[in-house]
Amino acid sequence: MTTKRLVRAAILLAVALILGFLETLLPPVFPMLPYARIGLGNAAVLLALLWLGVPYAAVILVLKSVVIGLFSGAPTMILYSLAGGTLSFAVMALLLRIGANGLPAVSAAGGILHNLGQILVAIAVTGTAGIAVLLVYLSLFGAVAGGVIGVIVYFVDRATLRARKEDRT
Amino acid sequence: MSSLRPPALFRIWDVALIVLLLVLVGLTLYFALIPSSGEEAEIYLNGEKVATLPLSVDAVWHNEHVRVVVSGGTVCVSESDCPDKVCVARGAISRAGESVVCLPNRVVVVITGEGEVEAIS
Chain G
4 MTTKRLVRAA ILLAVALILG FLETLLPPVF PMLPYARIGL GNAAVLLALL
54 WLGVPYAAVI LVLKSVVIGL FSGAPTMILY SLAGGTLSFA VMALLLRIGA
104 NGLPAVSAAG GILHNLGQIL VAIAVTGTAG IAVLLVYLSL FGAVAGGVIG
154 VIVYFVDRAT LRARKEDRT
Chain F
55 MSSLRPPALF RIWDVALIVL LLVLVGLTLY FALIPSSGEE AEIYLNGEKV
105 ATLPLSVDAV WHNEHVRVVV SGGTVCVSES DCPDKVCVAR GAISRAGESV
155 VCLPNRVVVV ITGEGEVEAI S
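Respectively, the protein sequence lines represent chains G and F.
Just so we're aligned: 116 in the numbering used here is position 113 of the first sequence, and the numbers increase by one with no gaps anywhere.
Just so we're aligned: 72 in the numbering used here is position 18 of the second sequence, and the numbers increase by one with no gaps anywhere.
Treat the hints loosely; a few may be bogus.
Chain G regions said to be covered by chain F (calculated; three or more residues, Cβ under 8 Å) [unchecked claim]:
id	stretch
1	12-20
2	128-136
3	139-149
4	153-163
Hints were generated in silico from the structure; no laboratory data involved.
We put the CB at the ideal spot given by N, CA and C, even for glycine.
Take these sequences, add in the hints, and give me the full structure.
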């Protein structure tokens, strides 16, 4: 069973890296908000949370942020990515453990907190509180993108339910 | 993970979660933006500073071409004899880093203070 989990973690990390890296190649969704990204890679992190639990998912999250930061030639993004990712990860893990919310809402919360974390780091780095204005747009965008990813993850989880059940010993 | 409830598309607590997040974002905005409203309006004529008006005190500055009005924490160019009236159309500004420019009359009004957004964006 451990080998199976390890392989699954490796596949999910690969998926997270590919989706995340593809996204850095695409032009920004909104030209005036270059930092608003859909966060496709987070679908893999959320699946890892569901299937493999917090420790595996945490490793995938950290590796994803670091590797994509290095690959895309923007290592300074790692700081922002890790700050947003950690905040969003902690809240999503907590919400899943509580179990009172649907996946899209959990994912939307993750999306909003990802942006919140990044903005807080940006304020700390630049010493400019005014950047918080961006939160109005980024939160809205993060909520919608996170919600969509939550729906995707929900259907991926359902579609693979039988296959994963048969694996259990 | 057997300890997790099976995923759902919607649960009733989602409503509470969304409200909570809205409040969180609102609070962050509120606290981050308080200090960023400007403190003083600086008026430049031909590139030289000719006046510094605190936004907290209503005041009027004018020369033969333009009239700059500070009112209720905002500043605007209320009248100008320039042909395009871009400066008047700019309306009232109040945040640090914002500016009103009247090119024909070579008048620039800039707001100074903490957190000048446009300085970095």
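Evaluation of the provided hints:
no., hint, verdict
1, 12-20, "violated (count 0)"
2, 128-136, "holds (count 7)"
3, 139-149, "holds (count 3)"
4, 153-163, "holds (count 5)"
Comparing the model with each numbered hint stated earlier shows that hint 1 is the single one that does not hold.
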